[in-house]
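Chains as they are written, first to last, in the working numbering: chain A, 327 to 614; chain B, 9 to 352; chain C, 3 to 258.
Keep in mind the hints are simulated off the structure, nothing from the lab. Some clues are possibly wrong.
Said to hold, decoys possible - DEER-style ranges, computed between Cβ atoms:
no., chain 1, residue 1, chain 2, residue 2, range
1, C, G23, B, I112, 30 to 40 Å
2, C, D204, B, I188, 49 to 59 Å
3, A, G566, C, G23, 29 to 39 Å
4, A, S330, C, F22, 28 to 38 Å
5, C, E116, A, L405, 50 to 60 Å
6, C, E116, B, S298, 47 to 57 Å
7, B, Y304, C, G23, 53 to 63 Å
8, C, E240, A, G600, 32 to 42 Å
9, A, D501, B, R127, 20 to 30 Å
10, A, F586, B, E33, 50 to 60 Å
Source: prediction; values computed, not measured. Ideal placement from N, C-alpha and C gives every residue a C-beta, glycine not left out.
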Amino acid sequence: MITSVFGVLFDGFAYGMLLFLLSVGLSVTLGMMNFVNLAHCSFGMIGGYVTVTLMNSMGWPFLATLPVAFVVAAITSVLFERTMFRRLYRASDLDQCLLTIGLVFVSVASAAYVYGTIQQPVNLPSYLRGSYTIMGVTLGAYRLFLIAISLVITALLVLSLEYTRFGAQVRAAVDNQRMARGLGINVDGAFAVTFALGSGLAGLGGALAIDIVGLDPSFALAYLVYVLIVVSVGGLGSIGGSFAAATLLGISDMAGKYYFPEIGSFLIYLVMVGLLMWRPAGLFGRRS
Amino acid sequence: MTSTSAALAGPHEHLRAQDRWRAIEVVFWLATLLPFLVTPNYLSLASQVAITALFALSLDLILGYAGIVSLGHAAFFGFGAYAAGILSKHGWGEPLSGLLFAGIAAGLLGYLMSFIIARFRHLALIMITLGFGLLLLEAANSAGWLTGGADGLQGVRMWPLLGMFRFDLYGFTAYWYSLILLFLLFLVSRRLINSPFGLSLRGIRENSTRMRAIGAESRAHIRKIYTISAAMAGIAGGLLTQTTETVSLGVLDFQRSADILVILVLGGAGRLYGGLIGAIIFLVARDQFSGINPQYWYFPIGVLLVVVVLFLPGGILGGLAQITGSERFQRMVRPLMVWRGKSP
Amino acid sequence: MNQIKTSAPVLSTRGLDKSFGSLVVAKDIEIELPQGVRYALIGPNGAGKTTLINLMTGMLRPDSGQILLGGEDITALDPEARVRRGLIRTFQINSLFPHLTPLEAVTLAVCEREGISRTWWKPVWTYHDALDEAYDILKSLMLAAVCHRQTRELAYGQQRLLEIALALATKPKVLLLDEPAAGVPREESAELFTAITSLSQDITVLFIEHDMNLVFRLASRIIVMVGGRILVEGTPAEISADPRVREVYLGGAAHV
Chain A
327 MITSVFGVLF DGFAYGMLLF LLSVGLSVTL GMMNFVNLAH CSFGMIGGYV TVTLMNSMGW
387 PFLATLPVAF VVAAITSVLF ERTMFRRLYR ASDLDQCLLT IGLVFVSVAS AAYVYGTIQQ
447 PVNLPSYLRG SYTIMGVTLG AYRLFLIAIS LVITALLVLS LEYTRFGAQV RAAVDNQRMA
507 RGLGINVDGA FAVTFALGSG LAGLGGALAI DIVGLDPSFA LAYLVYVLIV VSVGGLGSIG
567 GSFAAATLLG ISDMAGKYYF PEIGSFLIYL VMVGLLMWRP AGLFGRRS
Chain B
9 MTSTSAALAG PHEHLRAQDR WRAIEVVFWL ATLLPFLVTP NYLSLASQVA ITALFALSLD
69 LILGYAGIVS LGHAAFFGFG AYAAGILSKH GWGEPLSGLL FAGIAAGLLG YLMSFIIARF
129 RHLALIMITL GFGLLLLEAA NSAGWLTGGA DGLQGVRMWP LLGMFRFDLY GFTAYWYSLI
189 LLFLLFLVSR RLINSPFGLS LRGIRENSTR MRAIGAESRA HIRKIYTISA AMAGIAGGLL
249 TQTTETVSLG VLDFQRSADI LVILVLGGAG RLYGGLIGAI IFLVARDQFS GINPQYWYFP
309 IGVLLVVVVL FLPGGILGGL AQITGSERFQ RMVRPLMVWR GKSP
Chain C
3 MNQIKTSAPV LSTRGLDKSF GSLVVAKDIE IELPQGVRYA LIGPNGAGKT TLINLMTGML
63 RPDSGQILLG GEDITALDPE ARVRRGLIRT FQINSLFPHL TPLEAVTLAV CEREGISRTW
123 WKPVWTYHDA LDEAYDILKS LMLAAVCHRQ TRELAYGQQR LLEIALALAT KPKVLLLDEP
183 AAGVPREESA ELFTAITSLS QDITVLFIEH DMNLVFRLAS RIIVMVGGRI LVEGTPAEIS
243 ADPRVREVYL GGAAHV
């Protein structure tokens, strides 16, 4: 019983880290521009397919594909940001939703056309495949690797946001966009870079997700819901909030599916709706 | 013609003129009878179109007129669908009362939800409607004893309509039944949007802050329209159950919420005929391309959405209105109007 | 003048305080507005004039103090309830209904006031009284000619007038105008202020304005705010003679 609790906690934490990578970018960009980008997980999906393609068609090693997944997702996203999204920053929520849902549809259909609707296989290197047993708890090597990567990235994000000049600009823009512009900060430029970074992280998350949740064209829609939960519960523009919300969601989703397989997802949505009604701006958000 | 004479006749004449039935509307409703004569093999599709149009109309009332975004409107459609199905499964197969039951059930759910909806805006509202839709889907999935779960609800049997008309295989009864209900509820909606209440809804859409500042009862209005819209969506769902005699989890799917949003926006949100036109185009196109993988089908839909948002903000009807409202078009048609004796 | 001063005030505030963190935006505000008076609220940028209007209309909650309308304490009421009791404002930046016509917008306000806006089975055009009232308001503000155009198509000055028309449609006792002429070209602003002067004497008006010529021409009394406090209150003659006011305006604290 105790070991199963630890096992669920561990798997749930690893899953939460995955959700964090997938959603942190959206949280920050939403906080900056209030732009509801429902296509965020499509960028994540791009990362996944980049890794699959490089590994299966070109024989690249898994680890080498990760930076490429990041970069391709980042570049693609910034192309869309410059050509389409920026025209809608002052448009209504509805228009933003519709445009980005349209892009989700296009990405799902394109992925289905190129790769088919089957789950994509991924061959992990042997050192990531095994598991370690510590005091009766089985810890998957891949999940340990995932947690390590995510913690390093979280630390980098927090440090760069706190201590770099760029980070200060982003924080100012999230706090008060008008004031930031007044201070001469190039908010649009900072936003484009943040957007690229955020989508890149989603791409990395998409690549890392293949072994845990699989990859097929429905990824862009299925994980969108989870990402939105993390963002809205964690609060816009808050890295700490996203981290906490993702961890919470990951663990409770695992626990729900493990202990109450019948109503696991129901509980998740119930908790989300309840939390939002209690605090519309999220657990850690300051404004709605 | 209208502007000069209306100014003389008092301010209400202008609004009265907007309320009048136009020839094109009469033509549209007459054209809905064509499937009986021209394409009798497609009556099932025609009734699907009528049901979807009704669903889109219900969304138009909250989204197009009151500006309340919803990513989970299928919740009410599906709730009505299950309500009608479960009633029939338990031995009451009379269609009209069953439909009333579906409408009331969904309306009640909408009324409860409306207290939450009226309090939120922006991202929180989007998330709550989305989350609520998913919540209901999962609930229906888990409550297999009531809904049949993933296998769908079995054993829905409808009695003949009015005791006389059986639901036939060709969809003859299904189409005229759906069409009459669509028309009746369209009349209700048309009445509603031209009323003082409808005017207040447009005010909420245009500027909710200012509505507060002129002392408007915005929240009460939102609760009311949300309830009406939910009941209409429930009736549409009930119609689907009754005309197909099955209910599956798909009635509550996120995909259904997204589709109906697409249909409305393509046709033109905030215009009574927007959802109707959108439903015709969407369903007929999907029927034509039914041979291809359904996943590919979303490619053109996605592209269309992007194009509409970026280049055609009022949807198809908005675009048409812009063309027909332009000076050039007016100049083109004026000679025709003179010839027909319609111009002063 | 004396007679007006002794009558019971329509709107008054008692010890109104508000601060955002360490920034004090309103400190111990005491105002009494008698019926029918035209008050001007002046002061340098950041003096807290708009904040005061936000406090009085309920868009902001005071930290302490009271707001009374016709003797009734309205401090705890939400903005809608205050409007229904006759306290209305306009906005410094146009806040209108872009896709409604002026006639529709003003009719909407009239219908909300009368409680007609709950009915959804009768067309708007059957409410001749509401429409006629709306039309008369628009006519009194020189907007009759454009009453069937979409609001977003109106000239800027006309939109400013529509701001006031919307406020008048609620039959206010007290009308708070936040820089009614902001952004309006000088030649059009005269027209706007003629409209304000010709408002019914039943309505008490408090307006924020930066153009001192207009202030001294229109206001029967003036309140000067500086740094969230009321510096002085008096007739135009008293204000223009007050050395403290001179210091505020001539000492470089503001640009008028």
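Checklist line | Index of numbered hints that the structure contradicts, given in increasing order | finding: Result: hints 1, 3, 4, 8 break, sorted rising.
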